[in-house]
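2 protein chains.
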Amino acid sequence: MKVNGKNYRTVWMESSSVFLIEQNLLPFKFEIFESKCYKETCLSIKNMLVRGAGAIGTAAGFAMTQAFLQAPKDGFWEFVETAKKEIEATRPTAQNLFHATNLVFEAARNSDDPIKSAVETAQAVADKDAEDSHKIGEFGNELIQDGFRILTHCNAGWLAFTDFGTALSPIYLAHQTGKNIFVYVDETRPRGQGARLTAWELQNEGIPHLIIPDNAAAHLMQQGKIDLVIVGADRIAANGDVANKIGTLEKAICAREFGIPFYVAAPTSTFDESCPTGKDIPIEGRSSEEVLYQTGPDENGEMHKILVCSPGSDAFNPAFDVTPAKYITGIITEKGIIKNSIVRIIDN
Amino acid sequence: MKVNGKNYRTVWMESSSVFLIEQNLLPFKFEIFESKCYKETCLSIKNMLVRGAGAIGTAAGFAMTQAFLQAPKDGFWEFVETAKKEIEATRPTAQNLFHATNLVFEAARNSDDPIKSAVETAQAVADKDAEDSHKIGEFGNELIQDGFRILTHCNAGWLAFTDFGTALSPIYLAHQTGKNIFVYVDETRPRGQGARLTAWELQNEGIPHLIIPDNAAAHLMQQGKIDLVIVGADRIAANGDVANKIGTLEKAICAREFGIPFYVAAPTSTFDESCPTGKDIPIEGRSSEEVLYQTGPDENGEMHKILVCSPGSDAFNPAFDVTPAKYITGIITEKGIIKNSIVRIIDN
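Protein chains in written order, with numbering that gives the first Met the number 0: chain A, 0 to 347; chain B, 0 to 347.
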């Protein structure tokens, strides 16, 4: 997608270098980081220069390829096997990471030209991720009518994938196909991914939008100013319950209350058949520091970390919540839209 | 209530001086401002050193009294009448302000000793506000069982009144009567009154609490961790709809969804019979700056105003929302609890 009018992917490879958008600097600075060896790419994943399921997978595939390119003739396979373990240790809970390293490694192992196969497979992983996101956009775009005002939560945009994203992909496709749309962006406390990343993406694509405090979503729904809600997903249980950024549950409950369609956009790889229901999805508790402090630039561009709460009080900071399937109108995947078959009871 | 172990009211008068807790400095600094003339007290109201319906009323009554104390013998009534208009112009939308200035002025006008009557009436206004808050606490305390975990939104604490507050008053009374309680405090973006003021109040009273991102409330309800929700009110329509800080509607909808009692605490003066329903209450739109920027101290105590959103994106910032009566279990007033007679439909 576009940054300052030019098209980018979040991660890409040219000869032996991996290039990544330095996401820790966003939205205040746009910089490309060039990683010249697999160890540097590992660090980039670990330090979250690249983040989000799809983008991590692509970066891991490229890191694996860099290991093949760097491996000495003597002890070639030993070198790449060690590298594989190092790459997989960077973000051990990221499913896509293992998927990518395994694909690249296996393709190379079964090939007469392991390096060539690694390069091609890693590129295929990247392209597949971008294509899946684009397909989610195409299916989701069918839900969007001209003039729609859409609410989204957190950042399930192209920065979290190789390109296009999930929740934002239908919005990009709607915009590209000439529909007039308007996006309300939940700021998404405590980390502010909506205010910082989603708003940044939308602005670069020239899509009209406003950031809102998370508290304002139900008010807008009540005023008839939201036609559709689309969010991403971190994990989807077998029964259709969805784990996503904290606050998603609140928006879903309110959307049902006001009869507004609530869609989740996610590739089918997000479904976890080993989780029968949302109750089986563990919720990560994060540091209270994220609630108590905020970081950003002052008017001179100097960064500060400031306290925004009463000194001495502590905070509770669950990273995700689980939205039961009954609140979800449908799930937009790269294979089509899964409509929720559970009857929705609207009582107002 | 207590600050550093010592009891205070938000505003009080000693001889001709009005003393106010400088609320603009909270929670990072606790300072008392001494206002020696009515014009200084006017500025304190205008610049929000004192804020909240009840506290503004008390401050205005004291300011009116200061005008009587300062008035020259020649042109005595002309002086106080001009002062009255000046006081009333400080926060022209604050109902309690006019109520207080009128009470003090009329008492003085109908008295043989206007100054004495003004002093006594202003003190009575302050005492009545504190007593009403205390009664709200007593009635509300009946709803609280030992071990309850209570959620509150924004700051309807003693800092907004002369003492005790509204939503927090039942919590203070429960604590004082020996009940073990725990309070979850919505940070209440964008201005953070929960994180800054409510947390500060609770900490000074030694009541166990945690600040949560506004997004986390529904998750806690779903986990069975909230027994009761109590919030304040800015205005209550004749049909029981309640205007309060943005986000209140969202919490009310979620509370009903999870079958959790949702109470509003407010003095009867908050009822506005001229508003038939919540739809007739105008919603103040505030500056987008409140969403885009945050102010607070760095680790050295130096204050900074930082940008927390993507540069160039704008924000929408409605100050209040309207919670329809159907989501409200009851309204706790100084005269008793008005139970909502509308049947609540719980569908989960």
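I should point out that these hints are in silico values taken from the structure, not numbers from a laboratory. What you are looking at is a predicted structure, and each value in this text was computed from that prediction instead of being measured. Some clues are possibly wrong.
Computed list of lysine-lysine pairs in DSSO-like fashion (alpha-carbon distance at most 27 Å, straight line) [unchecked claim]:
no.: 1; chain 1: A; residue 1: 325; chain 2: B; residue 2: 224
no.: 2; chain 1: B; residue 1: 224; chain 2: B; residue 2: 278
no.: 3; chain 1: B; residue 1: 28; chain 2: A; residue 2: 304
no.: 4; chain 1: A; residue 1: 178; chain 2: A; residue 2: 334
no.: 5; chain 1: B; residue 1: 325; chain 2: A; residue 2: 325
no.: 6; chain 1: A; residue 1: 84; chain 2: A; residue 2: 127
no.: 7; chain 1: A; residue 1: 45; chain 2: A; residue 2: 35
no.: 8; chain 1: B; residue 1: 38; chain 2: A; residue 2: 304
no.: 9; chain 1: B; residue 1: 338; chain 2: A; residue 2: 28
no.: 10; chain 1: A; residue 1: 224; chain 2: B; residue 2: 83
no.: 11; chain 1: B; residue 1: 38; chain 2: B; residue 2: 83
no.: 12; chain 1: B; residue 1: 278; chain 2: A; residue 2: 224
no.: 13; chain 1: B; residue 1: 325; chain 2: B; residue 2: 338
no.: 14; chain 1: A; residue 1: 84; chain 2: A; residue 2: 35
no.: 15; chain 1: A; residue 1: 278; chain 2: B; residue 2: 224
no.: 16; chain 1: B; residue 1: 304; chain 2: B; residue 2: 278
no.: 17; chain 1: A; residue 1: 278; chain 2: A; residue 2: 1
no.: 18; chain 1: A; residue 1: 224; chain 2: A; residue 2: 325
Partial list, derived from the structure: chain A residues whose beta carbon lies under 10 Å from chain B [to be verified]:
no.: 19; residue: 101
no.: 20; residue: 102
no.: 21; residue: 245
no.: 22; residue: 298
no.: 23; residue: 314
no.: 24; residue: 315
no.: 25; residue: 337
The C-beta atom is built at its ideal place from N, Cα and C for all residues, glycine as well.
Now the hints, each set against the structure:
no. : hint          : verdict
1   : A:325 - B:224 : 21 Å, holds
2   : B:224 - B:278 : 33 Å, violated
3   : B:28 - A:304  : 18 Å, holds
4   : A:178 - A:334 : 23 Å, holds
5   : B:325 - A:325 : 22 Å, holds
6   : A:84 - A:127  : 24 Å, holds
7   : A:45 - A:35   : 16 Å, holds
8   : B:38 - A:304  : 38 Å, violated
9   : B:338 - A:28  : 54 Å, violated
10  : A:224 - B:83  : 43 Å, violated
11  : B:38 - B:83   : 11 Å, holds
12  : B:278 - A:224 : 15 Å, holds
13  : B:325 - B:338 : 11 Å, holds
14  : A:84 - A:35   : 19 Å, holds
15  : A:278 - B:224 : 15 Å, holds
16  : B:304 - B:278 : 36 Å, violated
17  : A:278 - A:1   : 39 Å, violated
18  : A:224 - A:325 : 23 Å, holds
19  : 101           : 34 Å, violated
20  : 102           : 34 Å, violated
21  : 245           : 5 Å, holds
22  : 298           : 7 Å, holds
23  : 314           : 4 Å, holds
24  : 315           : 4 Å, holds
25  : 337           : 22 Å, violated
Hint check: violations occur at hints 2, 8, 9, 10, 16, 17, 19, 20 and 25; the rest are consistent with the structure.
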